[in-house]
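Novice: Sequence:
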Amino acid sequence: MAKRKTKQAAAYTDPRLLAERALPQDGEDRNARKRNSGRARSVTVNLAESPLGWLHARGHLTDRQFDAGEKLRADWERAHLAPRITMCWDAAPISGGKRRNIPVVLNETEAQLVAKQRFTEAINHLGSDLSDIAWRIICGGEGTPVAEKNLGWPARSGKLVLKIALDRLVDFYRLPG
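Take any residue in the sequence shown, count from 1 to its spot, add 965: that is its number in this note's numbering.
Don't read these hints as lab results, they were simulated from the structure. Just so you know, not all the hints are guaranteed correct.
Derived SDA-like pairs (lysine to any residue); straight-line CA-CA distance at most 20 Å [to be verified]:
1. K1114 to Y1138
2. K1128 to P1141
3. K1081 to V1135
4. K1081 to A1047
5. K1124 to E1107
6. K1114 to K1124
7. K1036 to V1135
8. K1128 to E1014
9. K1128 to R1029
10. K1128 to H1021
11. K1128 to D1032
12. K1128 to A1076
13. K1114 to R1029
14. K1036 to F1137
15. K1081 to R1133
16. K1036 to A1076
17. K1124 to G1105
18. K1081 to P1048
19. K1128 to W1019
These numbers were taken from a predicted model, which means no experiment stands behind them.
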């Protein structure tokens, strides 16, 4: 006899992190939504999706722009530039023994240094005017409205400036077109 999976059990096996979020009705403010919570529309949101992935999935970014943003984020993560929340418990390197003819591969520290250098060069290539929005959305994971608010920009301007920054990153990373 086959066992049926309940909705609760299926939610634990689902690799995506989904959450229901209420959306306000057209022309309705937050306070009115709280009073009429039964009428609010809702949407399922993938909490693991990045703001850059969200924009790409909805057709606001080209594949090249998305790839350039992902390369910048990969360099940022590989360089370990995010703040640490715990101590590093990696094992100490082991020395000694004979060296064999092994192809030269960067160790973790060297790869981290190269990624940091590449990230710094990419941010410098963007310049101070575009690096703020690029870092906030791509590396910091802020949504476009939050980044606009934190930078003191008008609404709906962040996406346009981000697209310009991503175009510059496409040039920096020399992505094929």
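Novice: Tell me the hint numbers this structure goes against, listed in increasing order.
Specialist: 1, 12 and 13
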